[in-house]
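Visitor: From just these sequences and the hints, can you work out the full model?
Just so we're aligned: the sequence shown equals residues 1 to 86 in my numbering.
For the record, the hints were derived by calculation from the structure and aren't laboratory data.
Model, not experiment: these values are computed from the prediction.
Just so you know, not all the hints are guaranteed correct.
Below, simulated SDA-like cross-link-like pairs (lysine to any residue); rule was C-alpha separation at most 20 Å, straight line [what the hints assert, rightly or not]:
id, residue 1, residue 2
1, Lys38, Met49
2, Lys13, Ser77
3, Lys38, Leu25
4, Lys38, Ala64
5, Lys38, Tyr53
6, Lys13, Gly33
7, Lys13, Thr79
8, Lys27, Leu4
9, Lys13, Ile54
10, Lys13, Thr57
11, Lys13, Asn39
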Amino acid sequence: MQLLVDSGNQAAKAFGLVYTVPGDLQKVYQQFGIHVDKNNADGSWDLPMSARYIIDTEATIRYAQVNADYTVRPDPSHTIEALESL
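Guide: Rendered as structure tokens:
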């Protein structure tokens with residue numbers, strides 16, 4: 001099994017899975033000490049949407065979960081079940 005990391009959000013951008021924090025919300029974030037731009041190597045205010053994909057060795061997507069609402073996350077047991085079914 002291999003875990004992939006999308007540094008710079010390049011893959012997320014290609015799939016339309018990136019949210020850019022609007023300017024007015026950036027100011028609110030900064031008031032709370034949240035500096036997305038400083039945590040991103042490219043200085044952007046881009047955030048990836050929460051997404052999980054399980055892709056088998058034949059490049060077939062076996063499990064996909066994406067939600068624009070960052071508060072909605074899949075139950076980890078669903079991901080484990082998908083992994084165990086491979």
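Visitor: For each hint, tell me whether it holds in the structure or not.
Guide: Hint check results:
no. : hint          : result
1   : Lys38 - Met49 : holds (19 Å)
2   : Lys13 - Ser77 : violated (28 Å)
3   : Lys38 - Leu25 : holds (16 Å)
4   : Lys38 - Ala64 : violated (30 Å)
5   : Lys38 - Tyr53 : violated (27 Å)
6   : Lys13 - Gly33 : violated (26 Å)
7   : Lys13 - Thr79 : violated (23 Å)
8   : Lys27 - Leu4  : violated (32 Å)
9   : Lys13 - Ile54 : holds (18 Å)
10  : Lys13 - Thr57 : violated (23 Å)
11  : Lys13 - Asn39 : holds (17 Å)
In summary, the numbered hints that this structure violates are 2, 4, 5, 6, 7, 8 and 10.
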